[in-house]
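Hints given; two lone chains; assemble the complex.
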Amino acid sequence: NAGVTQTPKFRVLKTGQSMTLLCAQDMNHEYMYWYRQDPGMGLRLIHYSVGEGTTAKGEVPDGYNVSRLKKQNFLLGLESAAPSQTSVYFCASSSLSGAGEQYFGPGTRLTVT
Amino acid sequence: GENVEQHPSTLSVQEGDSAVIKCTYSDSASNYFPWYKQELGKRPQLIIDIRSNVGEKKDQRIAVTLNKTAKHFSLHITETQPEDSAVYFCAASKGGSYIPTFGRGTSLIVHP
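For the record, the sequence lines run as chains A and B.
Per my numbering, residue 1 is the first one in the first sequence, and the count goes up by one each step.
Per my numbering, residue 1 is the first one in the second sequence, and the count goes up by one each step.
No lab work stands behind these hints: they were computed from the structure.
Cβ coordinates follow ideal geometry from the N, Cα and C atoms, glycine included.
One thing to keep in mind: the hints can contain errors.
Short, incomplete list of chain B residues facing chain A, as computed with Cβ under 7 angstroms [said to hold, decoys possible]:
#	residue
1	Tyr32
2	Arg43
3	Pro44
4	Leu46
5	Ser93
6	Gly96
7	Tyr98
8	Phe102
9	Arg104
10	Gly105
Isolated chain B, as found in the complex (with noise of 0.2 angstroms):
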């Protein structure tokens, strides 16, 4: 089955730091990767979230990569603000199943 590692396990940064997060997928067929946030006590959401026929993805201070031959995709926080700590989820799942397989998550602190 798939398996996806995401890294580092916590980051922290300073207000206005850019963040970066990693994650790796073992599954060639997968092509959805969705990024999800926790914040402290509630539920995941959905923050964005890339196919494979795409290379990147932007929503204002958020941005999502994909390396298909690399098999790697990466979310890119900038100017990051103390309201972006929260535990960040990715996933990969391959089309027509629904069933993603989630990496450990990333803790990301932001320091005022």
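Bound-form chain A, shown alone (with noise of 0.2 angstroms):
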């Protein structure tokens, strides 16, 4: 039972790349949530989805878009990087028939130059 696990650890882009972060959990959880992380600003919600093939939008949504095609999935994609994108950027997942509790993934620290 690998929890949450995420792909890559890490990555440099160039400004103007394109990117697609992979997150899995083998709990079979119903929700799954996208999270970035910089320096006093705490865990941001980017995305999220309550089951497999919906998706919707968080506190800072803008520039990343997602997927959910399968229920253990959940990829966030970057079209076009920019510096203000470098961060560490955290996937959760929760179930339904808990009490709320979200499980993280390791994280991916992305620099955008």
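Printed below as a string of structure tokens:
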């Protein structure tokens, strides 16, 4: 039982390049989330999904797109990376039958130059 | 939407002292209040949570209290140890939404 995993762990992009971050969970959770973490800013929600085939915007969605084609996977895309997207990205999941506890992945450190 | 304020942003204590971190929330409909601990370079992990039908919850050296009237909740750590050094986040969410709003975090430093 791996829990929540993220790929890749580190990435450096040039401005304007695109990339996709992959999140996978093996706990059969309905909810999945993407956060970014910047110093002093806490965890800010980018997008989330309440089930396969559904996504919704969070607090800071601009410049990002997501897809959830399979229940266990949640993809975060950056179409044209900007230096302001330099951050640590965390994926999380939670169960509808639980109390609301979120399980986080190990994070992806992204640097945009 | 919900707004969660967390104080202090940094807390420095001596080993063995107690530490208290406070959070306030704005939405009176919020009813689930988790606390997450994030060690340096690691992922956030739940350490304790409380629902609005309970005023206090304890788990060994940590406890959380909730004042629904004043809309604030606090994390209490007693007999602090160096391994308690980490960033702590509070959060609030409404029942059924499963979309928490996080505070900005408190960096706790426990000096040996």
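Taking the hints in turn, this is what the structure says about them:
At its closest, the beta carbon of B/Tyr32 sits 5 angstroms from a beta carbon of chain A; the interface hint therefore holds under the 7 angstroms criterion. Checking B/Arg43 against chain A by beta carbon gives a least distance of about 4 angstroms; that is within 7 angstroms, so the hint holds. Taking 7 angstroms as the C-beta contact cut-off toward chain A, the hint placing B/Pro44 at the interface holds, the least distance being around 5 angstroms. Satisfaction of the interface hint for B/Leu46 is found here, the shortest Cβ-Cβ separation to chain A being roughly 5 angstroms, below the 7 angstroms cut-off.
Because the smallest distance between the Cβ of B/Ser93 and any Cβ of chain A comes to about 6 angstroms, under 7 angstroms, the interface hint for this residue holds. About 9 angstroms separates the beta-carbon of B/Gly96 from the nearest beta-carbon of chain A, more than 7 angstroms, and the hint is not met. The closest approach between the C-beta of B/Tyr98 and any C-beta of chain A is roughly 5 angstroms, which is under the 7 angstroms cut-off, so the hint is satisfied. With its C-beta approaching chain A no nearer than about 4 angstroms, B/Phe102 sits inside the 7 angstroms limit, and its interface hint holds.
Checking B/Arg104 against chain A: minimum C-beta separation of about 4 angstroms stays under 7 angstroms; hint holds. Annotation: B/Gly105 was flagged as interfacial toward chain A, and the flag holds, the nearest CB pair being 5 angstroms apart, inside 7 angstroms.
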